[in-house]
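2 protein chains.
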Amino acid sequence: MSLVLHGYFRSGTTYRVRLALNWKGVPYDVVPVNLVEGAQSSPDYLTKNPQGLVPALEVDGQLLTQSPAILEWIEETWPKRPLLPSDPIERARVRAFAAAIGCDIHPIQNLRVMKKVRADYGQDQDGAWAWARHWMETGFAALERMAASTGGKNGFIFGDGPTMAEVYLLPQMVNARRFGVDLSAYPRLVAADEAARALPEFEAAAPENQPDAV
Amino acid sequence: MSLVLHGYFRSGTTYRVRLALNWKGVPYDVVPVNLVEGAQSSPDYLTKNPQGLVPALEVDGQLLTQSPAILEWIEETWPKRPLLPSDPIERARVRAFAAAIGCDIHPIQNLRVMKKVRADYGQDQDGAWAWARHWMETGFAALERMAASTGGKNGFIFGDGPTMAEVYLLPQMVNARRFGVDLSAYPRLVAADEAARALPEFEAAAPENQPDAV
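Here the protein sequences line up with chains A and B, keeping their order.
To get this note's numbering, take the position in the first sequence, counting from 1, and add 1429.
To get this note's numbering, take the position in the second sequence, counting from 1, and add 1429.
Because the hints were derived from the structure by calculation, they are not lab data.
So these bits of chain B aren't anywhere near chain A, every CB distance computed over 10 Å:
1) 1461
2) 1554
3) 1635
With a straight-line Cα cutoff of 20 Å, these simulated EDC-like cross-link-like pairs (lysine to aspartate or glutamate) come out:
4) A:1545 with B:1553
5) A:1544 with B:1566
6) B:1545 with A:1553
7) A:1544 with B:1549
8) A:1545 with B:1555
9) B:1544 with A:1549
10) B:1545 with A:1555
11) A:1545 with B:1566
12) B:1544 with A:1566
13) B:1545 with A:1549
14) A:1453 with A:1487
15) A:1545 with B:1549
16) A:1509 with B:1505
Model, not experiment: these values are computed from the prediction.
By construction, the Cβ of each residue, glycine as well, lies at the ideal position given by its N, Cα and C atoms.
My request is simple: use the sequences and hints to build the entire structure.
Encoded structure:
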């Protein structure tokens, strides 16, 4: 199977896909899509992803979009080194943790929304970053409460190794640090982030280690 | 198995869960959580969902949150009358369509975000609704392009019956009509919405048919 990941080093959703593929040991090629230069809106890229968002994963020439869908496809296609538990209720809990980031934090503070806040409501960069921090702080407080009863070990949120919880958490923590969120209120999240980033497969997926990093 | 759905008649995410349970023929009790009165932030409800959002699904006393996680759990637990296709690539496409709504439209235009736009940026109701319409129109244009190559029948987006695509679409169409989106540009979405709403199981899940509807 031939995989080509169209994405951007700093895109959190692209980072998620790298984390899952690396963890499963699945090889893939990378084609950078420079979000700052607007490459995601080029006619060529729109044929790959009609939403004009990254990532898009090309699977033997077929295009998959939306990281939550791509991640489920990866988990179904390479079930070894699972990122979801086998117990149905536990699976739902891991997915809920992931969705609390993937639906309720990340999309509200991503590039296109911050651009809209600046363009329509006269916000400067500080204002846009304050918007982003608000949604991260609200979401992280809930995640920290959720993590209090998950019974993870070795720092991880669920179980004794990484799950989709860390796949979604790490990219969000990058944004949190970038936008100046005070992380001291979220010790469980910080511990999980550190535990997961220490894994070589996860380290290799980090934004700063990508070929298009600037 | 005993199911209690904590939610609100007008909540799109609660509506998704009703659609899936009704389609599968799974009985459940309803406990209304009045979002307008702020019941989602009560100490009692926060023990059910630390995010302070609806829905929460109580399964034999265990609490599940986040509609994307709840919907996957429903599909895994009651595989008959599937809402996801069996082919892995097709599953990913249906999930991508769903996530394009669940991540990139709905959370950006929900109640708490519109409240923030009003409170922080001096927007009135018209301004908040314009914000909501912008994200729906951007998202619907992409969904309409995505739906052009899905090969659905009888009006449905994928296959010849409802999938997770319609489970996510119907609640978003309710919001679109409520906030004044001109739907004439999205004929495939309108057709799928009409086809799915004509199903008795889906009709019974509509907001106006709920016990807490006002």
